[in-house]
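Using the hints, position chain U against chain F.
One-letter residues, chain by chain:
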Amino acid sequence: MIGPTLDIYVHRVYFFFESGIIFYVFVINLIYLFLVSLGAFALRKHHAPFTPADRDAIRRSPLTPSISLIVPSYNEEVSVRDSVGCMLRLDYPNYEVIVVNDGSKDRTLEFLTEEFNLFKSARSVAGPLETRSIRRVYESTEPVRLVVIDKENGGKADSINAGINAARCDLVMVVDSDSLIERDGLFEMIKPFLEEPERTVAVGGTVRAVNDCEVRSGVVRRIRTSKSMLANFQSVEYLRAFFGGRVGFSLFNCMLIISGAFGIFRRDRAIEVGGFDHSSIGEDMELVVRMHHFYRDAKRPYRIAYVAVPVCWTEVPQDWKILHRQRKRWQRGTVDSLWRHREMFFNPRYGVVGMFAFPYFTLFEMFGPMVETLGYLLTVVGLMFHIISIYVAVLFFTVSIAFGILLSTSAVLLDELTPCKFPNWRHTLTLFSAAILENFGFRQVLTLWRAQGLWEGMRGKKATWGVMTRRGFSPSSAPATPRPQERAAAEAG
Amino acid sequence: MRERFERGREFLKGEGGAALVALAKAAALLGAMSEAGWLLHTRYFSRYFPQLPISLAWSMLSMIFFIIAAQLAFSVGLKVVGARRQKLRAAATARTSELMTAYLAGADCHRSLEQAAGNSPRAFETCVAGALLRLRGSALNRLCDLPDVMDLRDRWIASAQSGSEDERRSAVEQLSLLADPAAISALEKALEDPAAPVAASAVRGLLRMPDYGGRDALVQSLPGRPFLVRVLTACENRTVEERARPDNRVRAAFSELAARGPKGRSALRRMSAAGVAGDAPAEALSAELASTARGGTS
Numbered sequence: 002m003i004g005p006t007l008d009i010y011v012h013r014v015y016f017f018f019e020s021g022i023i024f025y026v027f028v029i030n031l032i033y034l035f036l037v038s039l040g041a042f043a044l045r046k047h048h049a050p051f052t053p054a055d056r057d058a059i060r061r062s063p064l065t066p067s068i069s070l071i072v073p074s075y076n077e078e079v080s081v082r083d084s085v086g087c088m089l090r091l092d093y094p095n096y097e098v099i100v101v102n103d104g105s106k107d108r109t110l111e112f113l114t115e116e117f118n119l120f121k122s123a124r125s126v127a128g129p130l131e132t133r134s135i136r137r138v139y140e141s142t143e144p145v146r147l148v149v150i151d152k153e154n155g156g157k158a159d160s161i162n163a164g165i166n167a168a169r170c171d172l173v174m175v176v177d178s179d180s181l182i183e184r185d186g187l188f189e190m191i192k193p194f195l196e197e198p199e200r201t202v203a204v205g206g207t208v209r210a211v212n213d214c215e216v217r218s219g220v221v222r223r224i225r226t227s228k229s230m231l232a233n234f235q236s237v238e239y240l241r242a243f244f245g246g247r248v249g250f251s252l253f254n255c256m257l258i259i260s261g262a263f264g265i266f267r268r269d270r271a272i273e274v275g276g277f278d279h280s281s282i283g284e285d286m287e288l289v290v291r292m293h294h295f296y297r298d299a300k301r302p303y304r305i306a307y308v309a310v311p312v313c314w315t316e317v318p319q320d321w322k323i324l325h326r327q328r329k330r331w332q333r334g335t336v337d338s339l340w341r342h343r344e345m346f347f348n349p350r351y352g353v354v355g356m357f358a359f360p361y362f363t364l365f366e367m368f369g370p371m372v373e374t375l376g377y378l379l380t381v382v383g384l385m386f387h388i389i390s391i392y393v394a395v396l397f398f399t400v401s402i403a404f405g406i407l408l409s410t411s412a413v414l415l416d417e418l419t420p421c422k423f424p425n426w427r428h429t430l431t432l433f434s435a436a437i438l439e440n441f442g443f444r445q446v447l448t449l450w451r452a453q454g455l456w457e458g459m460r461g462k463k464a465t466w467g468v469m470t471r472r473g474f475s476p477s478s479a480p481a482t483p484r485p486q487e488r489a490a491a492e493a494g
Numbered sequence: 002m003r004e005r006f007e008r009g010r011e012f013l014k015g016e017g018g019a020a021l022v023a024l025a026k027a028a029a030l031l032g033a034m035s036e037a038g039w040l041l042h043t044r045y046f047s048r049y050f051p052q053l054p055i056s057l058a059w060s061m062l063s064m065i066f067f068i069i070a071a072q073l074a075f076s077v078g079l080k081v082v083g084a085r086r087q088k089l090r091a092a093a094t095a096r097t098s099e100l101m102t103a104y105l106a107g108a109d110c111h112r113s114l115e116q117a118a119g120n121s122p123r124a125f126e127t128c129v130a131g132a133l134l135r136l137r138g139s140a141l142n143r144l145c146d147l148p149d150v151m152d153l154r155d156r157w158i159a160s161a162q163s164g165s166e167d168e169r170r171s172a173v174e175q176l177s178l179l180a181d182p183a184a185i186s187a188l189e190k191a192l193e194d195p196a197a198p199v200a201a202s203a204v205r206g207l208l209r210m211p212d213y214g215g216r217d218a219l220v221q222s223l224p225g226r227p228f229l230v231r232v233l234t235a236c237e238n239r240t241v242e243e244r245a246r247p248d249n250r251v252r253a254a255f256s257e258l259a260a261r262g263p264k265g266r267s268a269l270r271r272m273s274a275a276g277v278a279g280d281a282p283a284e285a286l287s288a289e290l291a292s293t294a295r296g297g298t299s
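For the protein sequence lines, the chains are F and U, in the order given. Start counting at 1 in the first sequence, then tack on 1, and there's your number in this note's numbering. Start counting at 1 in the second sequence, then tack on 1, and there's your number in this note's numbering.
Here chain U stands alone, though its shape is the one from the complex:
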């Protein structure tokens, strides 16, 4: 009995619970539709069609017609409004982005930027999120000096602990990129988030914090975490030296490619130019060319 109870609890904790919630919602939706159809039958159609099946068929037809019309209006409306909103947002983002670039380049335009943030907060958030992905060092510090960015940080800290999974995930991801010590406690709480991508973002964020004291304990706790978290954090978990050194298998593959002749070498040149796997393609290429110059096979 106890085992069954445990199994049931496990089922409800995982996907099963979510499935049951979706099932209940679907049942409620169909129930509401049936109720509306029944109301149509009792209040209207039963007066004109005394036979129950005929009256019910008419009420069903009317309901279906209303629903289809609503679906059509919703779909087309969504598209038209969405396109318009997207256009406006793109314009606002472009303007904010322009101002932010000027500000980061040293221009004194923080007042205009603040105004832009007040006018369209979502565009400002998008720009900050984009900037966080690309900025490092003094540029990142300058961005963080903006009071609106600090407001955003506080908002992200709040939504990292509440809100929907998407909101939590986005907030934790931004906090990870911000690398602000004030976000550490929020990120530590997010480590226990039931959604694996949220926990993974928190792990990444904490491992990136330069002065995070719990780093070793966190790294040691990783093997016990869900596989998705381990996959998403495996790169951060490696040491800086390990990351800088290309894998031996990669080196072997590049050497093999270089030995294939002109086509292999030109592929390596392309990879080297594109910056694939650091210096490994160039090293393999120069080793092969040196070997050819010494009289080896090409």
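This is chain F alone, in the form it adopts within the complex:
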């Protein structure tokens, strides 16, 4: 008697969990599809770039806001010259570049000093945000507005805060030192600030993979797919995240992430909320969630916008170990940010952020990997104990994979609506293949890593940034400005 009853109970419990997971997968895919469709309709309409005449007017206008570009840098000797050189050549009338050397152990500071003829400056960098002590401040003897702050190691958030303190402009833009910004990207980035100067507090841009693109003098000359499939998988992932997710979220002013590699903030508002948090591992997301929390609590109007057109090119990891570390860190950043502001979860006081964006991130972005892993385990268990047939298991697994493929290929299609699309149909085909292949293995590996990150985050294990090995920008990349020895040779010539 006991045997069959127990068997029935096991079956019931199993199907309870299994149908729960199927429902979860259905809902998550539906939301993703909805966001991608929103992106399709909103991308063109809401992200039209300025015309050349408008840009010219902005260039000459005395009302154009000034921007301080803050470049936190730690052991970036491979790419810092190219990226800072690229930032100094941006097409914008009123900006300065502040590189914060966060106690690098390599030759980052030495390379910067050589490349840009730095001299010790008396510029005051004290400000309202607390940071580790500043060793020295340098400025360039060249007619460029470059400030280099050499400080004791305190992490990325600490470096950005030091940069915010030193900034003298209305807006501060945080850019990673391994990234390249499009030459006219700043015009588009300030657009939301010009449209709604009082309400807009932060704007995020699009980040894309630069691996194997043709880069010359710090400028991306030719967009192409990478030779490494791992980099292409990440390219597709970035497209999906930016064009699929952020366009949709920003439409309803509930975007919870502005990429740490490319975001712009109003300086006074960033200081008002306390700047970047040193203790957070996902400081970029944490600041944005804190802004939502702060302004919704204070019942003050605000807007956190996303612009799709300007692009920041960044080198994505081509090494599985580095990718593993990065994804674990991202997941822990998400866990940390959401946990700190858990008060907002399904809280109607926080409007669409509390009722949709925050629950979405908690249920699907934070716990998603765990549920997906559980789904795989349950399927294996079900097959082992003959609770489900192999036919049903394979069919449902295929449907879930097909949904993933559909989302990725839709993101690739959305890329066609932007000016930064791949120029050649062969690249489009490669990207489509990556969008299909990433669902067979890569996605599952990422799920496991994210689940690991979630577990570590929940246990409160201390996170570290680790070392990112840089390849530099393409073998064809030329130095930003002539190196000292080349300059001496040229002068002698």
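The reader is advised that the hints may include incorrect statements.
[Claimed, not checked] Interface residues of chain U toward chain F, partial, derived using beta-carbon atoms under 8 Å:
#1 20
#2 26
#3 235
Quick caveat, the hints were computed from the structure, so don't treat them as lab data. Where a beta carbon is used, it is the ideal one built from N, C-alpha and C, also for glycine.
Relative to chain F, chain U alone:
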């Protein structure tokens, strides 16, 4: 209640309305896809797979396969066709541009130009838009003598008041550059356009009109306009004299640069050669050199 209603109206008037429209479109698209999937299930798969979940899974798979295939074909097709079209348009633009240059130089080729305009109107419009950016004085008048340009003007006047935001913006921008008094009323209507870049182009165009009577009233109305309009028109708003005179801060910065030594001076020479900030770099340079010659520090 009234306050809430007002707030709702404000929300719908701004980005909120556009967001809701996008939301409705996305919902309609997903609805259409679901309907197609359900049709597949009821008409086809339910015959072969009596269990509902299995039949639904098959219909979902088929739908996804069709959509992905369509996306792939669309993407690649778009690229191939786009590249071909771009090549053809570039050739037509080059030909029209060549003819236009000859016409502006005084050659009697307006018939060939008219023919080129008839054959590829878009290339002709591109060439005229490019020419409007660069031409002034008699060359601009000669261009405006062409009947096709007048046709274009009429088309721009029509699309400045209707059409999508991109069309309105482009039309108003071209009308601003054309500086034709016939476009004044269209530009005045465009001042009230809900899209700030369109209104800004209209302001710029009207302020550039040599004989525009409402100039003072327009300048006075600028502080009440959206910030984006003010930013985009701030240069036009300044008087001609103000624009010709470089800012004192710019002069101070150049003097500082000149005092930095040979590197600063060579940078100023480069700027002067490139025409940055008019005569200001050259003035700072000569002041510094004069001071050095008098025995000052360099």
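Review point. Of the hints stated earlier, which fail here?
Key: Structure breaks no hint.
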